[in-house]
Every structure is written in C-alpha cells, then in structure tokens.
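**Q** The residues making up each chain are set out below.
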Amino acid sequence: DAGITQSPRHKVTETGTPVTLRCHQTENHRYMYWYRQDPGHGLRLIHYSYGVKDTDKGEVSDGYSVSRSKTEDFLLTLESATSSQTSVYFCAISESIQGIPGELFFGEGSRLTVL
Amino acid sequence: DQQVKQNSPSLSVQEGRISILNCDYTNSMFDYFLWYKKYPAEGPTFLISISSIKDKNEDGRFTVFLNKSAKHLSLHIVPSQPGDSAVYFCAASAPGANSKLTFGKGITLSVRP
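These protein sequence lines are chains A and B, in that order.
Residue numbering for the first sequence follows our numbering, beginning at 2 and increasing consecutively.
Residue numbering for the second sequence follows our numbering, beginning at 501 and increasing consecutively.
To be clear, the hints were calculated from the coordinates, so they are not data collected in a lab.
Some hints here could point you the wrong way.
Stretch-level coverage of chain A by chain B, calculated; a stretch enters the list once three of its residues show a Cβ under 8 Å from a Cβ in chain B [stated by the list, open to error]:
1) 13–22
2) 63–73
Pairs of lysine-lysine residues, derived as DSSO-like cross-links and limited to a Cα-Cα distance of at most 30 Å, are as follows [to be verified]:
3) 71/A / 12/A
4) 554/B / 12/A
5) 568/B / 12/A
6) 556/B / 568/B
7) 58/A / 12/A
8) 54/A / 12/A
9) 554/B / 568/B
10) 71/A / 54/A
11) 58/A / 568/B
Since the model is a prediction, treat every value here as computed from it, not as a measurement.
Where is the CB? At the ideal position from N, CA and C, for every residue including glycine.
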C-alpha cells in the first residue's frame, strides 16, 4: 500500500468554523490531489499540487485553499465551513513517468460533517 | 458539463457471469483512461488502464475496451465474483494535464452468490 495518511479521519464541526485536513505521504511523489466524493457526483477535484509551493485549482475549488510547504504534506483548508462542504475528502498522490500519468494512490478518506 | 459519464448507477450480476461496466466521454483530448474500484469506507484503488493508442487491455479477469470513434470504453469482468462488489469509477486524463484525472459518478456493482 502507498504510504498516504489523512488526518483527521472524521470531524464534525459547525458552520463558519475553519477546518484543516492534512495529507501526509512517504512515497516522495511529485503530485498530490484533494478530491471530494458526494452521492450523485462521484469524485471531483478540489485542488492539486505539482511540486512544493506549486498548486492549482480543480473543478470545485471555491471555499477551499491548499498549501504545500514540504513534498510530503498537502493541507486542505476550509476557511469558513458551510453545510455544502459536508463530504468525504480523499487525498491522492501520483508520479508521472515521461509524461505518462501514473496511477493515483488514494488515502482512506476524511469524513467531514458541517452542522 | 460532465466530461466522463457513467450513466448506469448500478449493475447486478450473478456470480460466474460477465459484468460489463460502461463509460462515455465527451472530451476528445482525453488520451488515457483508467478504472478505479472502491469499497465502502476505503479509498479508491487502481484497477486497470488503457492508452488511446490501444483498443484493448487485459489483466487477469479484467479487460478494458476503448472505442475512440464512439468515445466509449467498457470494463469487462469475467468471471464475476462476490468480492468484485464495489463502486467502479471511470477516469480520464488529457495530455499535459499534470496527471489530473476527471472521474465519472461511479457504478455500484453487486455480484450475487
């Protein structure tokens, strides 16, 4: 199994509070991603990183920010959580080889409930 | 607008029979396709992939077929086993996309003993 750890695994918070989810990898992979999974929507990309301090938006980035100060850590922050951000969040890592996208390895997920 | 479509939300098959999971895409720039499998309370895991230069890729009981003209791919599982019961996601990537994958909504496969 790829060395990916997400924390916390479960969190319940109130609307308006800040929340930070952490993804930690031990594989030294270049690419890191945050996805959310919702019924009827599948997996949707929030933000991704292609190197330390290099990040970009995905398809559902509004209300989220990310930071990557070290290769191994990718943080997802909800500055002011809303009920629409109740979801299961997955971190993933990958390493392209000569431009060919490598498979994504996913963490076990972080279930966030915003009341 | 959804670029990767899995129009059937669920599929139920008998153990030992073939499971065929379908996926359509709209973005003609996609050139690499993958299938992921997900069990409840776990992260998705990679199953099989195919490049657009091929029309078939096989790995044990799993075969993926790609029809570029129809923008359609399918995953065949033969024979199906109860342990195959899971959600299956189709995903696609375009060149130069920093390995970003676009996923479909997923299909829930149930294999009946």
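**Q** Please go over all the hints and tell whether each is borne out by the structure.
**A** Now the hints, each set against the structure:
1. 13–22: violated (count 0)
2. 63–73: As far as the stretch 63–73 of chain A goes, the hint is violated, because 0 residues have Cβ atoms under 8 Å from chain B.
3. 71/A / 12/A: With Cα atoms ~24 Å apart, residue 71/A and residue 12/A stay inside 30 Å; holds.
4. 554/B / 12/A: violated, 44 Å
5. 568/B / 12/A: violated, 43 Å
6. 556/B / 568/B: Holds, at about 11 Å.
7. 58/A / 12/A: holds, 24 Å
8. 54/A / 12/A: holds, 27 Å
9. 554/B / 568/B: Since the Cα atoms of residue 554/B and residue 568/B sit roughly 9 Å apart, the hinted pair holds (cutoff 30 Å).
10. 71/A / 54/A: Holds: residue 71/A and residue 54/A sit about 8 Å apart, inside 30 Å.
11. 58/A / 568/B: holds, 28 Å
In this structure, the hints that do not hold are numbers 1, 2, 4 and 5, in rising order.
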